[in-house]
Amino acid sequence: MRRRELVAGVASAAAIGGAALFAAGATPTGIGGSDDAGDPTASDEGTETVEPMTIDTIEAPGSRDGEVAVPASDRPTFVDFFGTWCPPCVEQMPALGDANDRVGDRVLFVSVTTEAVGRSVTEAEIAEWWTEHDGGWLVGADPTAELAARANVSGYPTAAVIDAAGRLRWSESGIHTADELVAEIEAVL
Amino acid sequence: MNRRDSLRSIAAAGAVATAGCLGVLGGSGRTVLDPPEQDLSAAAHPSHGDELPAVEFSDPIAGEEIATSDFEGERAMLLTFFYTNCPDGVCPALILRLRRAQEVAAEEGYIENSAFLPITFDPERDTAPVLEEYATQQGVNLEAGNWHFLRPESYEAGQTAIEEEFGLKIEKVYDSDYENLEYTFPHYGLILLANKQGVVERAYPSGSTVDIERIVADFERVVTA
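Residue numbers (the UniProt record's numbering), protein chains in the order written: chain A, 1 to 189; chain B, 1 to 225.
Just so you know, the hints here were simulated from the structure itself, not pulled from any lab data. Glycine included, C-beta positions come from ideal geometry on N, C-alpha and C. Hints should not be assumed to be uniformly reliable.
[Claimed, not checked] Short derived list, chain A residues pointing at chain B, Cβ under 10 Å: (1) Ser-73; (2) Trp-85; (3) Val-90; (4) Val-103; (5) Thr-114; (6) Glu-115; (7) Ala-116; (8) Glu-146; (9) Ala-149; (10) Asn-152; (11) Val-153.
In isolation and in its complexed conformation, chain A is listed as follows (with noise of 0.2 Å):
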C-alpha cells in the first residue's frame, strides 16, 4: 500500500517538526513532552516527499472552483492549513496576505481547511469566512485530512512550506508574521 510504504519517511519529517516546535517555543503547553514515543528519529531533513494530491478549490476572492495539485510539480508550494473555527486562524490572514503579494507569483500560494467542507460545513460558508477577513488567493478543502496528514498538521494554524521536488521543508504551528513566511518560502526558491 502506498501509504504504509511513505509511513517510514514521513515519521523522520515528523522528528523535524518536532524539533523545530520546541525551537521555536511554539508549544506552551507541552510540559513533560519533551520525550517521545520511540519516534524513530532517523531525521533527514528535506528529503521527505509529500505526495501529491488534488484538492478541490473553492470559489471565493482571488479562489476559484476547480481543482490544483498539491504540491505542485514545477514550483515551488506554500500551504496555509486554517479551520473558519480558529480564531488565531483570523489573525493570521493579513501576514498571509502580505506573504501572497510579496512572493505569491513565484510558487504555488494556497490556504486548505481540515473542515469535512461538504459534510460539516459548506463551500459557501468557507467563501464567506474567506470574503470577511479578506481572503484574495487560492483556497481549498481536504475533507478527510488527508493533506494535513502528509504534511503533518500540529495545530491551527500551520503553515507548510514543500519544495519544487515535493520534499517538505518546513511545517509549523502557530501564528506567523509576513516576514517568516516570506523567508521560509524565499529558502526553497
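Put chain B on the given structure of chain A with help from the hints.
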C-alpha cells in the same frame, strides 16, 4: 483499588521482561507491535504491553456509559485527553490525529473494529452541545458510531481517574495568558493506542506533533492484525 495495584505489578513485570528479552515480547501474543525504539515503561502513563486502564465515563452526545472494557475482543482503540477550550491548538492537533485514523478506518473498511475515545478533563464546560459543536468544527464523524467523546461526571472525578489511571496530572490554572478564559489546563498531548485485547501498543506523549501517518499506520496494523 486492588485492580490498579495489580496493574502496577503487571506493568513492572512487563518492564523487566522488556529489559530481559527484547525482541521476544513482540511475539508473545500480547501485542501486535514490537516495543518502541524508546523504552517508555518508566513513564507515568501506560505504555507498550501494559493493560489499558479500565475506566468508565459517559458519552454525553449518545447518552450512554462507555467503558474501555466494552471494546475488548472487538475494537482497537485510540484515546486522547483534551478540552474544547484548549487555547493553543494542541487539542485540535490531537483530535486531528484521531480523526484522520477515523477517516482511514472508513476508507479501509474497519469502522466496526475501531473506537476513538477523546476524554475531556473539563466536564464543567464540555457538555453534550459543546462537544457536538466541537465535533462539527473538527470534522469528526459522529455518525460512524465509533467516536465517543468521554466526559467524567465531575472535574474532580476526571482529575482523579486521569491521574491515577493514566498518569496525567491535570490542574486548573486560573492566571492564564488568555483573557477570555477563566481557566486553562496546561498539559501535554498524550495519545494511547490499545489493541482489541485491551493491551497498550503505543503511547505517544508528544501526541500533538507526532507524525499523523505513523499513528494511522500503527493503528491500522493493530486493528487489522
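Sort out which numbered hints this structure fails and list those numbers smallest first.
1, 3, 4
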